[in-house]
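Trainee: This is what each chain is made of:
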Amino acid sequence: MEDFLRTFFDQTVNGLVIGNIYALTAVGLAIIFGVGNLINFAHGSVYMVGAYVGWVCVTRLGLPLPAAFGVVVVVCGLLGMLIERLGLRSLQNSARIAPLLATIGISFVLDQLIQLTFTRAPQSFPSPLPNTRFPIGGVSIGVIDLLIAATGIGSAAVLYLFLRYTKLGWALRATAQDRDAAQQMGVNVNAVNQTAFAVASILGGIAGMLVGIYFSTVYPTMSFQAGLKGFAANLLGGLGNVPGAVLGGLLLGLIESYGVSLFGATYRNLFAYAILILVLLLRPQGLFSRQRQAPPEPLTGTFVPNSKPIHVPPWAIAVAAGAALLLPLFVANPYVLQVLTNAWLFSMIALSITLATGTAGQTSLGHAGFIAIGAYASALLTQRLGLPFTVALPAAAILTALLGTLLVLPAFRLRAHYVAIATLGIGEIVNQMILNWDWLTNGVMGISNLPPPSFFGREAVRIQDVYWYALALLGIAALIQWRLVRSPLGRTWRALRDDDIAAQSYGINLNRYKTLVFASSTLIAGMTGAFTGHMYSYINHESFTNTISILGLTMVILGGMGNLIGAVVGAVALISLPEFFRVLVDYRYLVYGLTLLLLIRFRPQGLLGTV
Amino acid sequence: MNFLSKLPNPMRLLSVGALIWLLAACVVPATPAAEEGPAENAAAEPIYIGVSGPLTGQNARYGEQWKKGFDLALEAINGAGGVNGRPLEYIFEDSQSDPTQSVVVAQKFVADPRIIVELGDFSSGASMAASPIYQRGGLVQFGFTNSHPDFTKGGGTYTWSNSVTQAQAAPALADFTVTGLGLKKLAVFHLNTDWGKTTYDLYAARAQELGAEIVATEAYLADEKDFRSALTKARDANPDGIVLIAYQADGALIVQQLRQAGIELPVVGTGSLLSPDFLKLGGDAVEGVYTESQFLPSDPRPQVKTVVDAYVAKYNETPDFFAIHAYDTIQLIAKAIEIGGPTRQGVHDALPQLKDVPSVIYGTANFDLETQRVIDPTFVQLQVVGGEFVLWDGSQPGAQ
Numbered sequence: 039m040e041d042f043l044r045t046f047f048d049q050t051v052n053g054l055v056i057g058n059i060y061a062l063t064a065v066g067l068a069i070i071f072g073v074g075n076l077i078n079f080a081h082g083s084v085y086m087v088g089a090y091v092g093w094v095c096v097t098r099l100g101l102p103l104p105a106a107f108g109v110v111v112v113v114c115g116l117l118g119m120l121i122e123r124l125g126l127r128s129l130q131n132s133a134r135i136a137p138l139l140a141t142i143g144i145s146f147v148l149d150q151l152i153q154l155t156f157t158r159a160p161q162s163f164p165s166p167l168p169n170t171r172f173p174i175g176g177v178s179i180g181v182i183d184l185l186i187a188a189t190g191i192g193s194a195a196v197l198y199l200f201l202r203y204t205k206l207g208w209a210l211r212a213t214a215q216d217r218d219a220a221q222q223m224g225v226n227v228n229a230v231n232q233t234a235f236a237v238a239s240i241l242g243g244i245a246g247m248l249v250g251i252y253f254s255t256v257y258p259t260m261s262f263q264a265g266l267k268g269f270a271a272n273l274l275g276g277l278g279n280v281p282g283a284v285l286g287g288l289l290l291g292l293i294e295s296y297g298v299s300l301f302g303a304t305y306r307n308l309f310a311y312a313i314l315i316l317v318l319l320l321r322p323q324g325l326f327s328r329q330r331q332a333p334p335e336p337l338t339g340t341f342v343p344n345s346k347p348i349h350v351p352p353w354a355i356a357v358a359a360g361a362a363l364l365l366p367l368f369v370a371n372p373y374v375l376q377v378l379t380n381a382w383l384f385s386m387i388a389l390s391i392t393l394a395t396g397t398a399g400q401t402s403l404g405h406a407g408f409i410a411i412g413a414y415a416s417a418l419l420t421q422r423l424g425l426p427f428t429v430a431l432p433a434a435a436i437l438t439a440l441l442g443t444l445l446v447l448p449a450f451r452l453r454a455h456y457v458a459i460a461t462l463g464i465g466e467i468v469n470q471m472i473l474n475w476d477w478l479t480n481g482v483m484g485i486s487n488l489p490p491p492s493f494f495g496r497e498a499v500r501i502q503d504v505y506w507y508a509l510a511l512l513g514i515a516a517l518i519q520w521r522l523v524r525s526p527l528g529r530t531w532r533a534l535r536d537d538d539i540a541a542q543s544y545g546i547n548l549n550r551y552k553t554l555v556f557a558s559s560t561l562i563a564g565m566t567g568a569f570t571g572h573m574y575s576y577i578n579h580e581s582f583t584n585t586i587s588i589l590g591l592t593m594v595i596l597g598g599m600g601n602l603i604g605a606v607v608g609a610v611a612l613i614s615l616p617e618f619f620r621v622l623v624d625y626r627y628l629v630y631g632l633t634l635l636l637l638i639r640f641r642p643q644g645l646l647g648t649v
Numbered sequence: 112m113n114f115l116s117k118l119p120n121p122m123r124l125l126s127v128g129a130l131i132w133l134l135a136a137c138v139v140p141a142t143p144a145a146e147e148g149p150a151e152n153a154a155a156e157p158i159y160i161g162v163s164g165p166l167t168g169q170n171a172r173y174g175e176q177w178k179k180g181f182d183l184a185l186e187a188i189n190g191a192g193g194v195n196g197r198p199l200e201y202i203f204e205d206s207q208s209d210p211t212q213s214v215v216v217a218q219k220f221v222a223d224p225r226i227i228v229e230l231g232d233f234s235s236g237a238s239m240a241a242s243p244i245y246q247r248g249g250l251v252q253f254g255f256t257n258s259h260p261d262f263t264k265g266g267g268t269y270t271w272s273n274s275v276t277q278a279q280a281a282p283a284l285a286d287f288t289v290t291g292l293g294l295k296k297l298a299v300f301h302l303n304t305d306w307g308k309t310t311y312d313l314y315a316a317r318a319q320e321l322g323a324e325i326v327a328t329e330a331y332l333a334d335e336k337d338f339r340s341a342l343t344k345a346r347d348a349n350p351d352g353i354v355l356i357a358y359q360a361d362g363a364l365i366v367q368q369l370r371q372a373g374i375e376l377p378v379v380g381t382g383s384l385l386s387p388d389f390l391k392l393g394g395d396a397v398e399g400v401y402t403e404s405q406f407l408p409s410d411p412r413p414q415v416k417t418v419v420d421a422y423v424a425k426y427n428e429t430p431d432f433f434a435i436h437a438y439d440t441i442q443l444i445a446k447a448i449e450i451g452g453p454t455r456q457g458v459h460d461a462l463p464q465l466k467d468v469p470s471v472i473y474g475t476a477n478f479d480l481e482t483q484r485v486i487d488p489t490f491v492q493l494q495v496v497g498g499e500f501v502l503w504d505g506s507q508p509g510a511q
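Sequences listed follow chains F and D, in order. Going by our numbering, the first residue of the first sequence is number 39, and it counts up by one from there. Going by our numbering, the first residue of the second sequence is number 112, and it counts up by one from there.
Hints in this document: simulated from the structure, not taken from any laboratory. Treat each hint with caution, since some may be false.
Unchecked claim - Partial selection, computed: residues in chain D whose CB lies under 10 Å from chain F: (1) Leu166; (2) Glu175; (3) Gln207; (4) Gly393.
Backbone N, C-alpha and C fix where the C-beta goes; we use that ideal spot for every residue, glycine too.
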């Protein structure tokens, strides 16, 4: 019994410490979401900048800890203002999706800058704190644990007072409630936004520095996971809800700590995201937000921009398709063909995402999970049951549609950003299942020696054949999708996207149409996964990570939401650009991020516009 | 950009797009193929090795270490007149260790007639997705960090590896833990990758054979940073030793958090811990950690000492596991080119003929023709003392 209590106490402390860090990150995200209605993907990068600035101050410049804190506050505050200026203000009158993409671009640039400046090696951050531990009963608490707790609670308190009792705080809350009304009342909305970004980034930066001290290490890949956990904590508490974010962060930390204690470290994320989905099912508005009948403005309506799409004449499409088809006859370089094959496969991923996200307004960040399901389904069908690829591919696609739709079912009650984060969680859960279900997926060892893709006995061994098969699949997917979005079904989907309340009052059964759109979308994703897996010949849990989901969504936004041609153009652009930048070696992804930012700046509605 | 705003939208799009593609196109032909390493024999045409590995992204730091090892080896080889009188060079293409990109790199190398052998990739997913492409292109893929048991089966006689096989290293580590150090109740932390899992299975089997008990097993993902909950759990199983099947950064984190949690148990880890990073990141906490490896930086044997000294002189740090593997591999490939000639077929045919190749890691390397891997590596037992890896003095932790 005593043992149990000791374990329980220790795990609670562990959970609260890491939970405080999550809370600090989540609060920043909540503030920005509140005023800007924006999921800030650059927040994890700001957190990393905070960690590195703190590290430079303490280890290189030898500053005392309080001074280092001060520098982190100033640098991250300024960085936040800069992000607002670049990522938000210049895109103010464009659709909401544009700033989202801008923050993705900014995070690329920040991550690369940190890597290039401080090398890719993790750096040692020797704790500037005394290493004393205070015994409590049979256990002990360290100074850093206390510092983290104090900073977490302290910042939350200061933030509360700021929002509650200062004029700027009022303005901030007013802007969060209704931006246009606030502006009419004389609030300088731009200044408020800038303040919000500054405050959020300061909190993020402090969290990063504390984590650096806590783990005695700073490393240039710490941003991504931090951002994800921040979103999850935020959603647990209720998006944009500041006290909710604090509680959500602490809760997430505790859940993870107990989860690791019960099931082991590999299950940390599975446990965290499963709880997240469960909460969404039971309380879609988050644990600590009051039920709202409808958001103050229909988020979905303004989320997807209304722009006039560029009309691409049918003959141009026919010429392009014909050129793509004949290309292998004239270009023998397998490198070029492989790049284009990847582009066709990613075009299918982008089509699949744009159907759910662009046409029906159900933003998905979890498509990597569906692709993985397709790949594993086909791999297992061919290897365990000995089915030919010709049969396994459609079977895997149908299986993905079934499983995928089933997995997304809990998210049907959600709207706008909630859907995005819920699908992100679903993608993670799929990944964790692949990792942990050894009996089915062979766990970390993956599945090797998959036969190359083949149709009716014709194996695609030469790259030309792989290319044509991929192109043919893309053609089929595009034609089906084109028929679908032009049919009455497509109109219903767009109605769902533009105003789901109006659609519902016209008698449209939302769940039925959401089921249909996700089934069609995951069918294409599953087909792509099956083909890609056999092309690779070996797949494991790392073959389809959530970076694919984000890359796919980026392609969709870049091409224009719901725009089929746009999806293909976006995919070809984002797959081939890094190849063009290959000669830049280390600077490749920095330039890629900058290019992305430029494209958004000048074409916020997407290259070809929304359909 | 005012003049742009006057244009109608599609035109604006076109001009911006054209500008970017033009910029991209300008960069491409402007750069020569590769300028790595010194070109001593400017007259002779260099021999090229293709390297596919991570230079950006999650695993970029391993690619960085590879480069250091490659550059040092090439300096030595080219300084001594190159291979068959021609300088040896490498072309490193970034794959981010991502299969989407490693297949592209593979096609690029296969299409480039200058490349006669390929090294890498880093992760199993990226490496094995590329294997069939290399096989079809008749280009040998030589993986030097690929311990996945199926790796050398992926591309017929075109896939080789000199990576340490866990079938040899893991049981040897178990012997050291149980027989050498006398630890009987073990809590094992292992990286949940194909390398970590294979090592763990082999380690656990041998440890149990020797009469030890695995009282706790904690698998963790490569990006895990917070081990406190897992450590608390392991502590409650009352082990008498902690075993780490880990890389450098995560290994250092675990030991540090172990000591911070007030757990003072002896720690034994795999040879992958052997690096200056582990010592730097772990600080005082890693003092006393045991490990076993094929190679010791302070080894007095001349073939090790000269390499380590040259490395320290060039980079001001001792080489780690990855850098020294990279170094060794270039030397081995140079040998193969010497025997078979500087062609793809030559390298392919020379690999089975290699015998007793001098190696920093193995002393001399020999290959098993069946598995296309190195046979019979020997191991040395090490301990961290005074912030350095030194030979283990033979005393058991309890007896000190």
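Trainee: Tell me, which hint numbers fail for this structure?
Mentor: none
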